[in-house]
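Start from chain A and add chain B according to the hints.
Protein chains in written order, with our numbering: chain A, 1 to 362; chain B, 1 to 145.
Note that these hints are calculated values from the structure, not bench results. All the pointers check out, no bait thrown in.
Simulated pairs of lysine-lysine, DSSO-like, Cα-Cα distance not exceeding 30 Å:
hint	chain 1	residue 1	chain 2	residue 2
1	A	Lys265	A	Lys241
2	B	Lys115	B	Lys65
3	B	Lys115	A	Lys265
4	B	Lys115	B	Lys93
5	A	Lys265	B	Lys93
6	A	Lys305	A	Lys265
Single-letter residue listing:
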Amino acid sequence: VTQLTPLADDTFVALLEAVPDAMVCIAADGRIALVNAQAERLFGYERTELIGQPVEILVPDAARAGHAGHRAGYVADPRPRPMGAGLLLAGRRRDASTFTAEISLSAIDTDEGTLVAAAIRDASAWPGVKDPERSGQSTESFIYLVSHDLRAPLRALSGYSEILLDEYGGILGEEGRGYAERIVAASEHMSRLIDYLLQHSRVSRAELHVQPVDLGGEAARIAAELQRREPDRRICFTIEKPVQVLADRRLISTVLQNLLDNAWKFTSGRGDASIEFGTARSEDAAVCYYVRDNGAGFDSAYAGKLFQPFQRLHSARDFPGTGTGLASARQIVERHGGRVWAEGAVGAGATFYFTVDGKESA
Amino acid sequence: MTNRTILLVEDNPDDEALTLRAFKKSNILNEVVVMRDGAEALAYLFAGDGTPRPALILLDLNLPKVGGLEVLRKMRADKRTRLIPVVVLTSSKLDEDVLGSYRNGANAYVRKPVKYSDFAEAVRALGAFWLLMNEPVPGIGPESD
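So here's chain A without its partners, still in its complex pose (with noise of 0.2 Å):
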């Protein structure tokens, strides 16, 4: 293990330590000469495991064969790769993991011979970058890109079909246009099924931002609105405030905002209907919350089904929606490690619980 005297020099090796991304000095040799705190985070190894040994260490299995080449090639024609246009790599841990990094080099003449400093970034959570180690998280952003992508060829249907209608109507007959129609209306349900995955797709990659905030308080703002865009409905509504939890506040509103909005409409055929946010304690005593809602109620049986997505337990002709609000309360519940569930009968009104833990889960 040689340590390289030119580089030994404090202001330079406090600069090196100072860089925030992960820096590896490799001799011409191929040998590691140098590596700063972030790198040994990042790879996992301690500096003295590193100096001295080929840079290959650090490389996948699969491309360490023609990593040597390519080394010879750069140290031969050395021009710097600035970070802007540094290459998409793949890094190998201690432990054999690996990780998507963005690499750029840049050649350093010493004394002791041409070094070269690269310069490495973790890539794994940038947005569309693939990486081998957190799947989950790259389907995630592929599904965000592709759900906005076919929104475009949707417009298409939706407006050709509206034209049709529109300057058509008469050529096309009252069977033409209720095919026509038929687009229109498929390709507006579309749009609402790919709204849910986009939402699903934010709230599964979203930071949570816990703080204190009251559900009871959040609950009454929300029954507000609505009542304020249908005035027509009297509803009875009982809240319970202050009730304090820590959550993501736009999250958890959206919760709320789920819930109610559940309740508002499945009370719709009532004149006497109430709905009612309140706190228990659930079988493990642990408290929980709910919304409480005397309306068409559900057949327990199917309970589990609830909040599976795009699931309904009514048709669309007596309760429109797309059978998303609530897998989607579900999927933000169990991000803040709560849980949900529900209880009702037909004909009796149901009754939605959520638990909050306070703390992200993964």
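Quick look at chain B alone, frame taken from chain A:
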């Protein structure tokens, strides 16, 4: 009379056709110039051949060659195009796209609705606001440069 051309930067031929029809149907009869990628749009804007600059730009973000945000950046960095109203009209509702658009000087950000009647109404409202109601930037027109 100042120039009232609309520049539509849109690579999707269906969105182009639907946008043009929505303008026509709302009796917005201004000339609409269509550029189908970001490089074309920049070439058109900086042609310097006396072509009048548009009174309004509808800019998609996801474009071939040069993306919409880059078009916006380049426009805002040049005094000839710095003040032209730009409405970003896109499918994206990614926070980074919305923020990026405003940071780079977009005047408005509108997400294209999927339902055509909503889309047509959005196009009509944009045209009506930016071309009729909104007071144009003095000097944007044939004689400005």
